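Asker: Let chain P serve as the given structure and place chain S on it in line with the hints.
One-letter residues, chain by chain:
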Amino acid sequence: MSELKSSPLESAHQSLGARLVPFAGWNMPVQYSSILDEHRAVRTDAGVFDISHMGQFLVDGSGAAAWLNRMFTNNVTKLDPGQGQYSLMLNENGGVIDDLIVYRTGPESFFIVVNASKIDEDLAWMEKHIPGDVQLRNESDRWAGMAVQGPHAATVFAKALHGETLPLRNGIMTTPAGAIVCRTGYTGEDGFEFFCPADDGVTWWNTFVNAGAAPCGLGARDTLRLEMCYPLNGNDLSPERTPIEAGLGFFCDLGKDEFIGREVLAKQKAEGPDLRLAAIRYTDKGAPPRAHYPVLDADGNETGELCSGALSPSLMTGIAMAYLPAALAKPGTKLQIDVRGRRFPAEVVKKPFYKRS
Amino acid sequence: MNIPADLRYQTSHEWVRLEGDVITVGITDHAQEELTDVVFVELPAVGRTVDPGDPTAVVESVKAASDIYAPVGGEVIEANPEVEADPSLVNTDPYGKGWIFKLKVKNAADVEGLMDAAAYQAHIS
Chain P
1 MSELKSSPLE SAHQSLGARL VPFAGWNMPV QYSSILDEHR AVRTDAGVFD ISHMGQFLVD
61 GSGAAAWLNR MFTNNVTKLD PGQGQYSLML NENGGVIDDL IVYRTGPESF FIVVNASKID
121 EDLAWMEKHI PGDVQLRNES DRWAGMAVQG PHAATVFAKA LHGETLPLRN GIMTTPAGAI
181 VCRTGYTGED GFEFFCPADD GVTWWNTFVN AGAAPCGLGA RDTLRLEMCY PLNGNDLSPE
241 RTPIEAGLGF FCDLGKDEFI GREVLAKQKA EGPDLRLAAI RYTDKGAPPR AHYPVLDADG
301 NETGELCSGA LSPSLMTGIA MAYLPAALAK PGTKLQIDVR GRRFPAEVVK KPFYKRS
Chain S
1 MNIPADLRYQ TSHEWVRLEG DVITVGITDH AQEELTDVVF VELPAVGRTV DPGDPTAVVE
61 SVKAASDIYA PVGGEVIEAN PEVEADPSLV NTDPYGKGWI FKLKVKNAAD VEGLMDAAAY
121 QAHIS
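Respectively, the protein sequence lines represent chains P and S. Going by the working numbering, the residue at position 234 of the first sequence is 234; the numbering climbs one at a time, nothing skipped. Going by the working numbering, the residue at position 54 of the second sequence is 54; the numbering climbs one at a time, nothing skipped.
Honestly, the hints are just simulated from the structure, not real lab data. Among these hints, one or two may not hold up.
In silico DSS-like cross-links for lysine-lysine, where the CA-CA straight-line distance does not exceed 30 angstroms [unchecked claim]:
1. P:Lys334 - P:Lys351
2. P:Lys78 - P:Lys351
3. P:Lys285 - S:Lys97
4. P:Lys128 - P:Lys256
5. P:Lys285 - S:Lys102
6. P:Lys267 - P:Lys128
In this text, all values refer to a predicted model and were calculated from it rather than measured experimentally.
Same shape as in the complex, but just chain P (with noise of 0.2 angstroms):
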C-alpha cells in the first residue's frame, strides 16, 4: 500500500484533537469530537470541513469548451464565466468515471473540482482524449480545500472575508488575494468551498473557525450528503452503472452534440433503465443500515446490496441507497433490510430524505 497523503491543514485537525483516518489515499479527520454534533451545527449553524484531498484541474484553449462537452455529460455552453455546474464523465458504455463540478472562469478556461480517488484515472482518461487546442493542469497538490456549509456560513464568510461579496448559487469567483471562492457543497445547505495556496491553508481554516464555523469531520460529510442523496463515487457510482440508473438524467443534456457515453444513455432514457438508485427508509427502528447489507423485498428474496447506508441525525432513523430492480424502485415500496441475519422493515422514499423546513 502506498504511503497516505498528508492535508495541508494537517496541524490544524491534531491540534483540535482530530481523529484521523485513511480515506481516498489521503489522511483525513472522521470527527472531532461527534459525528452528530458536527451534522447538527451544519444543518443549524455552520462547519467547515477540510476538502484539500480533492483534486483541482484547469482547462484552457480555443477548443476548451467543445471539449469538455465531449467530455462530460452536462452542456458547459450554457455557463457563462463566473459559473459552475454538477457534470459525469462517463466511459464508452455510459458508466461513470466521476462526477464533478466544472466552472467557467473565463471565455476558454474552466476550473475542474473531481473526487480525490479519481485524480490519476480522470487525468488518464482526459489526457487520452484531449486535442492539441486544449491545454489540461493538475493543480491538485497546490490548493488547500475548505467547505464551509450551514445556514449561518454566509455570516462566516462576511466575517472572514470582508468587504468580499459571494457569489450567486454555483458561481466562482477568484479574491484578490488569490483564492478561489465557489457557491457550492455536499451537504443540501447553503455555503461556499474555498481553495487558497496549500501554505495559506492552515491560517484560513483557523479564520473561518474563529469566525465561527463548527470544525467538521469525513464522517458528518457522508451523513450530510447522504440525507440529501448525493451520489458518493465509489459507493453509488461505479464504471457499471450510469447517471440514468442513478437518477441524475437533469445533468445529461442529451440535446448536445456528441458526448462520451451518450447512445446508451438516451437508450435507457427512452425505454426506461432496469435498474434504479432508489432511496430506502427504516420504517421502524433498527440497525444502522450500512453499504454492502442485503436488501430484500417484501416476499423475502434477495434483490440487491445498499450502496450507502447510515443513521440519519437529522431524522434518527435508517437511510440508505441502493440500486434495485424498477419496478421495487417506486416510493411506497416495502423492502427489508438484512443486517447480520436480522431484518428490519424499510421502503422505498422520494429523494432526498432531508428537506430544509
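Answerer: Okay, now just chain S, sitting in the frame of chain P:
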C-alpha cells in the same frame, strides 16, 4: 479516564463485574470515548449459551458496528432493555445504566483470568 478498580477487563474493551456466579458486561469508558455517539445496541437473546470470545452483542456508532465479546463461558440471563431504548446511556454511564448483558457463568474462577484495572490501564496507554 475512568477505570473502576473493582472490575475486570478484556483487551477488546469490555468490563466485567462478578457477583456470585453472575457477571455483568459493558464497554469501558475508554471504548465509549473511542466510539463516540452510540446509536444502536443489539442485545443477545436471553437463554443463549456463549463460549469465551463469542460475539454476543453489537454496539454501533454512526460510523461503525463493534462486536461485544463474551469474556467467559455461560448463559445469557438478562439483557439491558434501557440501552436498546436509549443507546446513548453507553456513552453517558458506561459502568452503570449503560451495562449490556448478564451471564450466569459456568466457572466463576474464569473471571480471575481477566485483566485487573492496572493491567487494563497499561493496555490502553
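Asker: Does the alpha-carbon distance linking lysine 267 (chain P) and lysine 128 (chain P) stay inside the 30 angstroms limit?
Answerer: holds (26 angstroms)
Asker: Measure nothing beyond the straight line between the CA atoms of lysine 334 (chain P) and lysine 351 (chain P); if it is 30 angstroms or shorter, mark the hint as holding.
Answerer: holds (16 angstroms)
Asker: Between lysine 128 (chain P) and lysine 256 (chain P), is the straight-line Cα distance small enough, at 30 angstroms or below?
Answerer: holds (22 angstroms)
Asker: Could you grab the alpha-carbon distance between lysine 285 (chain P) and lysine 102 (chain S) and see if it respects the 30 angstroms cut-off?
Answerer: Satisfied, since the Cα-Cα distance of roughly 24 angstroms is no more than 30 angstroms.
Asker: Are the Cα atoms of lysine 285 (chain P) and lysine 97 (chain S) separated by 30 angstroms or less?
Answerer: holds (21 angstroms)
Asker: With a cut-off of 30 angstroms on the C-alpha distance, tell me whether lysine 78 (chain P) and lysine 351 (chain P) pass.
Answerer: OK: lysine 78 (chain P) and lysine 351 (chain P) at ~26 angstroms, within 30 angstroms.
Of the hints listed earlier, there is not a single one the structure fails to meet.
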